[in-house]
Amino acid sequence: MAEINTVLVAFSATSIHRNLAKAALDMAEEQNARLIILNVRDKNMAEKVARVTKDQGFMGRNVVEKLAADIKKDRDELITQRLGMVEEEAAKRGIDFETVKVKGDFVEQVIEAVEMYGVDVVMVASSSIVNDIEKKIDAEVYSFE
Amino acid sequence: MGNGNTNRAIVLFSLAILLGVFLLPTPEGLSVEGKNALGIFLVAIILWTTNSIPLSVTGLFVIVLLPLLNVMASKDAFALFGNKAVFFILGAFILAAAMMKTGLSKRLALLMLSRFDRTPRRLLCSIMLTSALLSFIMPEHAVAAIMFPVVGSIADSLELEPLNSKYGTLLFLSMAWGAIIGGVGTLLGGARNPLAIGLLEESAGMSITFFEWCVAAIPIVFVMLGAGFIVLNLFFSIDVQDVKAAKTVLGRELESIGSMDIVEKKTAIIMTLTILAWILFGTDVGLAVIAILAAVSLFVFDILTWDDVESNVNWGIILMYGGAIAMGSALAKTGAALWISNLVLDNGYLTPLLLLIIVSLVSIFLTEGISNSAAVAILLPIGFSIGDVLGINPIAMVYMIAIPAGLAFILPMGTPPNAIAYSSGYYEIKEVILPGLILNFTAWIVFIIMALVYWPLVGINIT
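Sequence lines, in order, name chains A and B.
Sequential numbering from 45 applies to the first sequence in our numbering.
Sequential numbering from 146 applies to the second sequence in our numbering.
Looking at chain B on its own, in the form it has when it is part of the complex (with noise of 0.2 Å):
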């Protein structure tokens, strides 16, 4: 986010592009409500990639844009707010502040932190995957905030040098990488994956269960992990022998939290029981009614306070996609976004799989410069629209774009896992600028590969 006065001159001129778009003529093909719909779009693009306003006021700004250029009737654009995909991450969230509140993540992250044998690669490697496995079961920003601190301690432990340590370098990166790879795991790991499938059913009426996403997701996920070690390693060299002081710490830490105690379990409890139930009963029942009824569970148990909630959930991120659902919602409906993709389409030369590899490309570099949110809402209402034409699955479609949108490494304070590392001290930026990029290049070839060559093996065919 900019000065107050670049912020502002920002706003007005996405205002006057709007208006702009508002005075022209409509082209051929586009009824006057698209036309709007697309001015609109071009002021939320505006808005969500330069940040001048927070993204959730950007997506409030939507919705009342929507009715006042007559794209959508009030009711209708305002009832999006209560989409099922907003209510979902909002019970995600309340599970994940219980977690937090409960010091149920810290002691999953020690208890998997403390099985590593005593080498410092397996250390990493333990790392890696304790950040990544977290974020299958709560969003990776939050991971990363958690696992700070122990890092923190590990490094001190070693008595790393800042700048002068590779080793440092390599226990933040492998922290802030596991989370942006495992984020993309689950459902759970980033709100841009429940955003994608609103988007999905607004669009296309389609859904994605649970159990769908990790089948796709997960294995993508392993592998990787595996490039993002890889990487690691090839740039930055283990320059420490041994890592036994880490063990201790682990160990310490570990016994300072004590053993479980009664709310520590029923919040376990609560949290298994809500992630068998997406699996099994998510597409009779609903992601986001069985999330709520978590939520609620939550305080039925004493588990939380509604203090507690207003705390640790931050009630923009409503606004944010609920606003985001409006605007996918009205480009498809208005045929915005058909329009779009027939100038796109007779314009150049797409195939499906030109279109694969575009498209994750754009989204994976999108996500370096924009919240990887705001990435999915900008890119999946065209996207759809394009492939509904080259006959791509729009479930296929949600993953091509979602998935990549969740993979930065490029830029340190890019994301928050990122900037979380970061701010470690241990590196600089020029650093990692080369590891991340070579990540970027190698998550993106990975994807094409996996979706090539996975996803037929599980039922997800592109087109």
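Same shape as in the complex, but just chain A (with noise of 0.2 Å):
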């Protein structure tokens, strides 16, 4: 294996798997790597939903708009506490991590920043979408299910 010395974990919206969470810690661990930590939201989320309640549902806009600020404020809660618990642990360990929030397409988001923090070894939550980040970069990529 080639010498690794930039690990990028991606979590989706709130999607924090504890597994992959670990397996990135570990490796940037053993491989006394960088790790960057980046979250890729999903911004239209809220909007999809209340679009669903108002174009389905019929229910007005103030009902509506009050969904999507619960939905907004619910994720945006847990992602930073969710984030937190791996920031906290990685600094335990005395990883050098790096936080990166972003929104917008998932794998796009994730083939930006591999070329931005020139990164080695890319870990994400779901396999379907190894293959599509793989084929723009050359970073090895792993799922952890």
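If you are wondering where the hints come from, they were derived from the structure by calculation, not from laboratory data.
Where hints are given, some of them may not hold.
[What the hints assert, rightly or not] Here are the simulated lysine-lysine pairs, DSSO-like style, with alpha carbons at most 27 Å apart: (1) B/Lys229 x A/Lys110; (2) B/Lys575 x A/Lys145; (3) B/Lys251 x A/Lys92; (4) B/Lys411 x A/Lys117; (5) B/Lys575 x A/Lys92; (6) B/Lys410 x A/Lys117; (7) A/Lys66 x B/Lys575; (8) B/Lys410 x A/Lys116; (9) B/Lys311 x A/Lys92; (10) A/Lys117 x B/Lys575; (11) A/Lys110 x B/Lys478; (12) B/Lys311 x A/Lys117; (13) A/Lys117 x A/Lys145; (14) B/Lys575 x B/Lys311; (15) A/Lys116 x B/Lys575; (16) B/Lys392 x A/Lys116; (17) A/Lys180 x A/Lys110; (18) A/Lys110 x B/Lys411; (19) B/Lys251 x B/Lys311; (20) A/Lys110 x B/Lys392; (21) A/Lys116 x B/Lys251; (22) A/Lys110 x A/Lys145; (23) A/Lys116 x B/Lys411; (24) B/Lys575 x A/Lys147; (25) A/Lys66 x B/Lys392.
[What the hints assert, rightly or not] Reference excerpt, derived from the structure (chain A facing chain B, CB under 7 Å, subset only): (26) Arg62; (27) Met89; (28) Asp99; (29) Gly104; (30) Ile115.
[Unchecked claim] If you want the footprint, here are the derived chain A segments under chain B, 3+ residues with CB under 8 Å: (31) 90–97; (32) 135–148.
No residue lacks a Cβ here, since even glycine has one placed at the ideal position from N, Cα and C.
Using the hints, put the two chains back together into the complex; each one sits in its own frame.
Have a look at this one:
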């Protein structure tokens, strides 16, 4: 295996898989590598739900806006808390880490981050996107479902 | 809804179909008006199922196509916007707006939830039951929206970890499935229920009272809640020991909203009197009249302002339901629905029991892909005609289509309660497909058994 200097672990929205986080932390610690904790948020989730509720449920503007705000707040709090746990563990293990929060398409954002940070290994939760990422980058991509 | 180009292509495709039907020679046994009504029906099916333009705009489009293609005089087509069912739905939405604005709906939710015993299973049961019972008095989508932050704070208090906590999944699915199942119980849970009655009145000249609907549907709700609870517990194990923290949070939330103020009390009284009036005087006075009287009283007693109504009621509802009723009426009056039913019956063997089985199955699965109101609007006009030939009671046909049309459990983004629950982030799509599919089949079987065993006991005969 070539030298691993930077490991990127990517989480989507609230999907902080415990196994994935542990695997990424273990690898970064073993290889004495830098860990990039990437959080890609689906910027449309609250809007998507609000639209279904408005278009199919015929709920009024107030109900829909409040619902979207509730969903957004819930997800914001959740992700801050979950990322905080990964960051805390990385700090405890003495791993050099950086947390990056972005919005947009998951695969596109991972590819962009790989190029920006010179990543050697990418770790994601879902195996279905491994091929999509691998096709466009040189780094190795692993999934931990 | 897809992107702009796809949507435009779908609209053009539907218009090409309409043009094709318009230019085709009229089949034997069908009038020219009937043929054109079928063409418009196809347009409506394509647009309602693809959502390429908003559901309400499709309703509006139907209303103008009917006179344009000589299916119905414009005076008659536009008059169907004023159908009683549309005004009942409007009144019910205004009442729901008052319950949400005053906080009465949230108080009811918290009061019901705070009654649970301190065990994880009973908390789930309580969430499911609360969602279902609230859906008896207001739209199920509004119930899910109200319950979402409450269930979210329960999950937070228990420090559940999204994607790693099965109990988190159970909490949000109990909320969504409870609201969905409860939504079929009365005429207030889902606008498809009064829509079905509106179509019944237009097609068969018969009606169903508020009380009759409750008698036919509420026992089904309770059996399905039991089935739903079992399915949930079979697929997701309870991985928490203690839910005392949830009880504390609910108590704190209840404390924070304080005691009922005068506006909330007035709303509760009006809501109670309205439901009683629907049950006791619905036949004589009319459901829509009572609904609108209740809505007016909310203004008289300074509970709502017009701004509140404008911001809490989506006016598209009138267009969608007005269009759906006009479509159903046109299919019935031009003989198009009868022509389709003859086509179906000439090419297949059907008995009333087989029809019950097929129609309810189609309804329950069609609603997974499209809005449940659209499913009712598409299936019911044809169902009445096929049922008429087979000697099926049109009232039973309403229940056979409208009740299963409310029961969509599979797709996370398919209906508002499911979408709201999914947005919690506690589970992934793949985790709910199988339980949802099993509950869909279970609900279908439960429905058939109840239709065959329970309905005759309360005087609802299929034939």
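Right, here's what the structure says about each hint:
no.: 1; hint: B/Lys229 x A/Lys110; result: violated, 31 Å
no.: 2; hint: B/Lys575 x A/Lys145; result: holds, 26 Å
no.: 3; hint: B/Lys251 x A/Lys92; result: holds, 24 Å
no.: 4; hint: B/Lys411 x A/Lys117; result: violated, 32 Å
no.: 5; hint: B/Lys575 x A/Lys92; result: holds, 19 Å
no.: 6; hint: B/Lys410 x A/Lys117; result: violated, 31 Å
no.: 7; hint: A/Lys66 x B/Lys575; result: holds, 23 Å
no.: 8; hint: B/Lys410 x A/Lys116; result: violated, 32 Å
no.: 9; hint: B/Lys311 x A/Lys92; result: holds, 24 Å
no.: 10; hint: A/Lys117 x B/Lys575; result: holds, 25 Å
no.: 11; hint: A/Lys110 x B/Lys478; result: violated, 43 Å
no.: 12; hint: B/Lys311 x A/Lys117; result: holds, 22 Å
no.: 13; hint: A/Lys117 x A/Lys145; result: holds, 16 Å
no.: 14; hint: B/Lys575 x B/Lys311; result: holds, 14 Å
no.: 15; hint: A/Lys116 x B/Lys575; result: holds, 23 Å
no.: 16; hint: B/Lys392 x A/Lys116; result: holds, 25 Å
no.: 17; hint: A/Lys180 x A/Lys110; result: violated, 40 Å
no.: 18; hint: A/Lys110 x B/Lys411; result: holds, 24 Å
no.: 19; hint: B/Lys251 x B/Lys311; result: holds, 26 Å
no.: 20; hint: A/Lys110 x B/Lys392; result: holds, 25 Å
no.: 21; hint: A/Lys116 x B/Lys251; result: holds, 20 Å
no.: 22; hint: A/Lys110 x A/Lys145; result: holds, 24 Å
no.: 23; hint: A/Lys116 x B/Lys411; result: violated, 33 Å
no.: 24; hint: B/Lys575 x A/Lys147; result: holds, 23 Å
no.: 25; hint: A/Lys66 x B/Lys392; result: violated, 33 Å
no.: 26; hint: Arg62; result: holds, 5 Å
no.: 27; hint: Met89; result: holds, 6 Å
no.: 28; hint: Asp99; result: holds, 6 Å
no.: 29; hint: Gly104; result: holds, 4 Å
no.: 30; hint: Ile115; result: holds, 5 Å
no.: 31; hint: 90–97; result: holds (count 6)
no.: 32; hint: 135–148; result: violated (count 0)
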